[in-house]
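**Q** Spelled out from the first residue to the last, the chains are:
2 protein chains.
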Amino acid sequence: MRQVSIIGAGMTKFGEHWEKSLRDLVTEAAVKAVADAKLDGGEIEAIYGGCMAPGLFAGQEHVGALIADQLGMNPIPSTRVEAACASGGLALRNAYLAIASGAYDIVAVGGVEKMTEVTTEQTGVILGGAGDQEWELFMGATFPALYALMAKRHMHDYGTTEEQMAACSVKNHANAVHNPYAQFQRAITIDDVMKSGYVADPLKLLDCSPITDGASAVILCATEKARKYTDLPISILASSQASDTLALAHRGSLTEIRATKVAGEKALKQAGLSQKDIQAAEVHDCFSIAEVMAIEDLGFFKKGTGGKVSANGETALNSKLSINPSGGLKACGHPVGATGVKQAVEATVQLRGEAGKRQVSNLKNFMTHNVGGSGATVAVHLFARGD
Amino acid sequence: MRQVSIIGAGMTKFGEHWEKSLRDLVTEAAVKAVADAKLDGGEIEAIYGGCMAPGLFAGQEHVGALIADQLGMNPIPSTRVEAACASGGLALRNAYLAIASGAYDIVAVGGVEKMTEVTTEQTGVILGGAGDQEWELFMGATFPALYALMAKRHMHDYGTTEEQMAACSVKNHANAVHNPYAQFQRAITIDDVMKSGYVADPLKLLDCSPITDGASAVILCATEKARKYTDLPISILASSQASDTLALAHRGSLTEIRATKVAGEKALKQAGLSQKDIQAAEVHDCFSIAEVMAIEDLGFFKKGTGGKVSANGETALNSKLSINPSGGLKACGHPVGATGVKQAVEATVQLRGEAGKRQVSNLKNFMTHNVGGSGATVAVHLFARGD
Chain S
6 MRQVSIIGAG MTKFGEHWEK SLRDLVTEAA VKAVADAKLD GGEIEAIYGG
56 CMAPGLFAGQ EHVGALIADQ LGMNPIPSTR VEAACASGGL ALRNAYLAIA
106 SGAYDIVAVG GVEKMTEVTT EQTGVILGGA GDQEWELFMG ATFPALYALM
156 AKRHMHDYGT TEEQMAACSV KNHANAVHNP YAQFQRAITI DDVMKSGYVA
206 DPLKLLDCSP ITDGASAVIL CATEKARKYT DLPISILASS QASDTLALAH
256 RGSLTEIRAT KVAGEKALKQ AGLSQKDIQA AEVHDCFSIA EVMAIEDLGF
306 FKKGTGGKVS ANGETALNSK LSINPSGGLK ACGHPVGATG VKQAVEATVQ
356 LRGEAGKRQV SNLKNFMTHN VGGSGATVAV HLFARGD
Chain H
6 MRQVSIIGAG MTKFGEHWEK SLRDLVTEAA VKAVADAKLD GGEIEAIYGG
56 CMAPGLFAGQ EHVGALIADQ LGMNPIPSTR VEAACASGGL ALRNAYLAIA
106 SGAYDIVAVG GVEKMTEVTT EQTGVILGGA GDQEWELFMG ATFPALYALM
156 AKRHMHDYGT TEEQMAACSV KNHANAVHNP YAQFQRAITI DDVMKSGYVA
206 DPLKLLDCSP ITDGASAVIL CATEKARKYT DLPISILASS QASDTLALAH
256 RGSLTEIRAT KVAGEKALKQ AGLSQKDIQA AEVHDCFSIA EVMAIEDLGF
306 FKKGTGGKVS ANGETALNSK LSINPSGGLK ACGHPVGATG VKQAVEATVQ
356 LRGEAGKRQV SNLKNFMTHN VGGSGATVAV HLFARGD
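Chain order of the listed sequences is S and H.
Each residue of the first sequence is one higher than the one before, counting from 6 in the working numbering.
Each residue of the second sequence is one higher than the one before, counting from 6 in the working numbering.
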């Protein structure tokens, strides 16, 4: 397989973009990424786009073609990949494989979701389609309910507390203060989280990632040609993907995401690294409990200790392991199809040393972890500076 | 790039499956393909699935994970690809690239759509999402209307007649009589087509492909390992993809599909073949005029003559060029996400010489042509017997 690098990255501010359409958001992120890569748009040979539910949010399918059209890049191939909230991660992986195969040298990867054009109630139902429609959503189990079940079991089995979970949200908001692209550039306290209303006991409003509009993009290039465009390519050391049952009830455990374990191990093996070689990671904190489980299932901390180490500050910026320097899904925002690509944007900015006040120091290897549904799809990528 | 072969193929009967869900359909096609490949399901390393609009048809996104789950194949990677009616073709292409890259040796490719759980009116709106929702569907332009515009212009520019277009439907029904998997295993006459009601002038009911439930699957294998499973692998000589504007109004011409021309030329170039080396093709006849334009844009017949040669019988089974031996979308049926993969199933059956009374004689090279929307995405593949 050929080696693949990132040579450009860009994103919109994440937030509620009442004045911008899906088209506008994609264009803004893509133009920024192309400009950052210092290449001519005509050099791009293919596009991969991650988007979860444009049909349900806007009546528009065929978003791959829409992106190529909107960017004036016809007739190059453009492909939409969907895996719920892991759509962006899989778009990145498939673009990576396409370059690795030798089919293309330069591929643009985009992620986008325009979520605010429907009601909150509709959004809950649409996002429920990421789980098992027949066995979960139809019975009323929306995503906060599913993750609440996982949280309850984690609390029961390991003594994890609501305050410990709240610490993930507080830390992510603290990081987002320094991210100009974040939806919530403001700090919150444990008390704020604890006093916010319950969405699904034990998860409260400030344990949950928000509804967000946004887009993100990276330009991938065969590593052997990356130096033509940049003095500082970001190497993709590994790309992995795993699956699990769609319905939570069909799993062996409520307190671990098996696909995270499998994908994480595969990625580290591909790169020839272990957990101690990773200084920072963007993990999929759609709910605070999801971050607790992610840092355990990725092998950074022992199962059951995720809440405790989060409360102890071991995942804070420039502590033992910097988790979600961007602010994560909770505070940077979670436009579902865009999140996996946004994680790669953050990896690029961090590894270049351009992250300003949220910069992870002594950074060598960066991990991204993107989850679809309640863990039925997981994509993990590893990045480093240079060739 | 590594060479890739098909080692197994299977499909459900296409039709109205009131008693079967999306899950049931996928399972049936996949089990048939795995059995046909004579391999153990555990040898499959990844899944690619094409599906257009499960969110709008059934409230279920994340269909890649659903397929892996339903088949009991967790934790292998499973990816849904969407490009409207070309979803199956792009699933095939991305699986092909993934094997070509060296990431996997054996990959299952599925296509599925369960369309009959909503009303016909809803179906028209859902399928309209394959075009430009803002500039076409919102204004009332459903797909029969868009293809009717192309037909009207083709008639104006080249003198194509309604009877000539009808000849495509009549020929495809004649082929489907011999296809046990076809939705309509019955012959029709030009008179039948001409007397059927207008859907969008000049297109009548029997110019239009039907609403269909169905699934199809092929098993791909690195060619170097294919002989381990079969004495007669089917080689994928070429895979190509191209895009065009989402909206018809933004194109330079109403009488050609530019993405078909680009993808067709690229595929022939990759395989080192010309049109005269192809004996049979499955082309995307979502409407009779689409077949007329496809055989022109793929370079088999001169622009403007597609209607005439169809009426002359030059595309009939075992005439000059056998077009749509399966019965095509018109008579075999068109479960949108499944169609592109079904075309590869037909190529496999034909190249093995197992097509019975619809067998193309002296067959060497087979082309498949899968279109998304009104031509905004096109995938073309070329197949041959042996390594």
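The reader is advised that the hints may include incorrect statements.
Any copy, or any two copies together, can satisfy a pair, since identical chains are not distinguished.
Stated by the list, open to error - Below, computed lysine to any residue pairings styled on SDA-like, alpha-carbon distance capped at 20 Å: (1) Lys-230 with Thr-147; (2) Lys-43 with Ala-150; (3) Lys-25 with Gln-364; (4) Lys-157 with Glu-122; (5) Lys-271 with Asp-110; (6) Lys-325 with Gln-8; (7) Lys-369 with Leu-210; (8) Lys-369 with Tyr-109; (9) Lys-43 with Glu-33; (10) Lys-325 with Ala-179; (11) Lys-18 with Arg-28; (12) Lys-307 with Asn-317; (13) Lys-230 with Met-6; (14) Lys-25 with Lys-281; (15) Lys-281 with His-255; (16) Lys-37 with Ser-26; (17) Lys-308 with Ser-26; (18) Lys-313 with His-255; (19) Lys-271 with Gly-47; (20) Lys-362 with Ala-179; (21) Lys-307 with Gly-358; (22) Lys-281 with Gly-129; (23) Lys-266 with Gly-391; (24) Lys-43 with Arg-357; (25) Lys-362 with Gly-46.
Calculated directly from the structure, the hints in this document are not laboratory data.
**Q** Please write out, lowest number first, the hints stated earlier that are contradicted by the structure.
**A** Violated hints: 1, 2, 3, 4, 6, 7, 8, 14, 15, 17, 18, 21, 22, 23 and 25; rest satisfied.
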